[in-house]
Amino acid sequence: MLKRKDLLGIQELSRDEILEILDTAESFQEVSTRAIKKVPTLRGKTIINLFFEASTRTRTSFEIAGKRLSADVVNISASTSSVSKGETLIDTARTLDAMAADCVVIRHSASGAPHTLSKLTKACIINGGDGAHEHPTQALLDAFTIRQRKGRLNDLRVAIVGDIAHSRVARSNIHLLTKFGTHVWLCSAPTLMPLGIEKIVCDHGEFLHVTNSMDEAIEQSDVIMMLRVQFERMSESFFPSVREYFRYYGLTRQRVERARRDVIIMHPGPMNRGVEIATDVADGPYSVILDQVSAGVAVRMAVLFLLLGG
Amino acid sequence: MALKQNYQLMKREEVLATLDRMADQILEANNGRPVVLIGIQRRGVPMARRIAIRMAEKTQREPQIGTLDINLYRDDLTRVASQPVVQKTEVPPDIDDRDVVLVDDVLYTGRTIRAALDALCDFGRMRTIQLAVLIDRGHRELPIEANFIGKKITTKDNEVVEVKLTEIDGEDAIYVMEKI
Chain A
2 MLKRKDLLGI QELSRDEILE ILDTAESFQE VSTRAIKKVP TLRGKTIINL FFEASTRTRT
62 SFEIAGKRLS ADVVNISAST SSVSKGETLI DTARTLDAMA ADCVVIRHSA SGAPHTLSKL
122 TKACIINGGD GAHEHPTQAL LDAFTIRQRK GRLNDLRVAI VGDIAHSRVA RSNIHLLTKF
182 GTHVWLCSAP TLMPLGIEKI VCDHGEFLHV TNSMDEAIEQ SDVIMMLRVQ FERMSESFFP
242 SVREYFRYYG LTRQRVERAR RDVIIMHPGP MNRGVEIATD VADGPYSVIL DQVSAGVAVR
302 MAVLFLLLGG
Chain B
146 MALKQNYQLM KREEVLATLD RMADQILEAN NGRPVVLIGI QRRGVPMARR IAIRMAEKTQ
206 REPQIGTLDI NLYRDDLTRV ASQPVVQKTE VPPDIDDRDV VLVDDVLYTG RTIRAALDAL
266 CDFGRMRTIQ LAVLIDRGHR ELPIEANFIG KKITTKDNEV VEVKLTEIDG EDAIYVMEKI
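Those protein sequences? They're chains A and B, same order as listed.
Using this note's numbering, the first residue of the first sequence is number 2, and each one after it goes up by one.
Using this note's numbering, the first residue of the second sequence is number 146, and each one after it goes up by one.
Think of the hints as simulated: they come from the structure by calculation, not from any bench.
The reader is advised that the hints may include incorrect statements.
Derived DMTMM-like pairs (lysine to aspartate or glutamate); straight-line CA-CA distance at most 25 Å [claimed, not checked]:
| # | chain 1 | residue 1 | chain 2 | residue 2 |
| --- | --- | --- | --- | --- |
| 1 | A | LYS39 | B | ASP239 |
| 2 | B | LYS233 | A | ASP281 |
| 3 | B | LYS203 | B | ASP244 |
| 4 | A | LYS39 | B | ASP242 |
| 5 | A | LYS6 | B | ASP242 |
| 6 | A | LYS123 | A | GLU64 |
| 7 | B | LYS296 | B | GLU307 |
| 8 | A | LYS38 | B | ASP267 |
| 9 | B | LYS233 | A | GLU21 |
| 10 | A | LYS4 | B | ASP242 |
| 11 | A | LYS120 | A | GLU199 |
| 12 | A | LYS151 | A | GLU64 |
| 13 | B | LYS156 | B | GLU307 |
| 14 | A | LYS6 | B | ASP239 |
| 15 | A | LYS39 | B | ASP263 |
| 16 | A | LYS38 | B | ASP263 |
| 17 | A | LYS38 | B | ASP221 |
| 18 | A | LYS39 | B | ASP241 |
| 19 | B | LYS233 | A | GLU18 |
| 20 | B | LYS156 | B | ASP314 |
| 21 | B | LYS233 | A | GLU27 |
| 22 | A | LYS68 | B | ASP263 |
| 23 | B | LYS233 | A | ASP17 |
| 24 | A | LYS38 | B | ASP314 |
| 25 | A | LYS39 | B | GLU235 |
| 26 | A | LYS39 | A | GLU27 |
Only a predicted model underlies this, so the values are computations on that prediction, with no experimental measurement involved.
Just need the whole structure built from these sequences, with the hints factored in.
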């Protein structure tokens, strides 16, 4: 049982808590294989998906997870809510709390928005992605997929390649994987490395490595995690052209050959085919991208159960 | 909650003999029709496996077995102090119109079985659902009875029946404990 009200980030989770979530998720996988894909566990609980940023898979995944546990799930997207009439985040949160929501899943472009919310509400808050800060359930489902394929989370070599500067997925994954003693290689163009990367590297000691060379990053990798180039967060040009980006940082079949023979290739989605990943690699035999999506439902069911079930 | 041992109810040989007898009774009652044994997590699971082995010895036909975790169907999730760990559920896929025997270690209030019935019904419509328990200790809170009972005993409210099985606990025995 998670002895916390909220799931705000991976950073503050212990290894035991992470393992408890992953173990529980394994038991929940079975529910999605049934003819009747539903259990009554969270009957009468209300979950609100409060999404201030576009999302298909995270929102849908939380919605399906909640519904398979028999909770009532309500979706609010910023464009159709009072937010577009000028309501502040704090007032929105208080309103939802007054309606006795049990859980709010929030995605927001501002880092720390879920933390602000958690102090104001009785409902438990799940961070569904805040700015470039954290996206805990994505890192958990990635860990679930890695553990299922590799049998462990320690002592692996994981390359995270792409737009690291704008990526909350990268941050949550760095926290999670280094906690278990896996070596993480960050790789991107110098302009797409976050400011202060030296400090991040320092905090994670021997397990975090940084390079601008993709070949170096994926050499002998057990896992290659590709990140989407987040054009929507770029107000200026970070690289000369998509074609050039693909030449240096796109994952092609030739590059995959540098990794270990049993490498798995992951992508949190949505993919930009031909920008960070070649189509034949995305659909190829090493790709576990769709396994990640299935894992997402099980992991989110586990998180909802562990936060709301007790 | 601290427990002190009141007395030992069964030793290893008695546990084994009782399980064998229950297997025989299940065979007899089902008249040669194949049954599916579903063990309730956790100690019902090794029990079901042992009953299946005995049945296979007698009939040269291995009954199908499955496991069921009832935690997702509990009526007291918001009341229990510590959340239980959710274990695996594996129910054979073609369970419609089959004869199913639920297997559990102790029958007490009946609430676990109520949850198990709810859970099973989500997997289809079985021809029959029967219940086999090693110990029936009374104190039912729901109208539920077992078809196959290893041993029926009377207990006090503050007592706890602890079934130990080698696969989980390293020994085969049954103890009656008292809460202190």
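Quick check: which numbered hints come out false for this structure?
-> Per hint list: 2, 5, 10, 11, 12, 14 and 24 violated.
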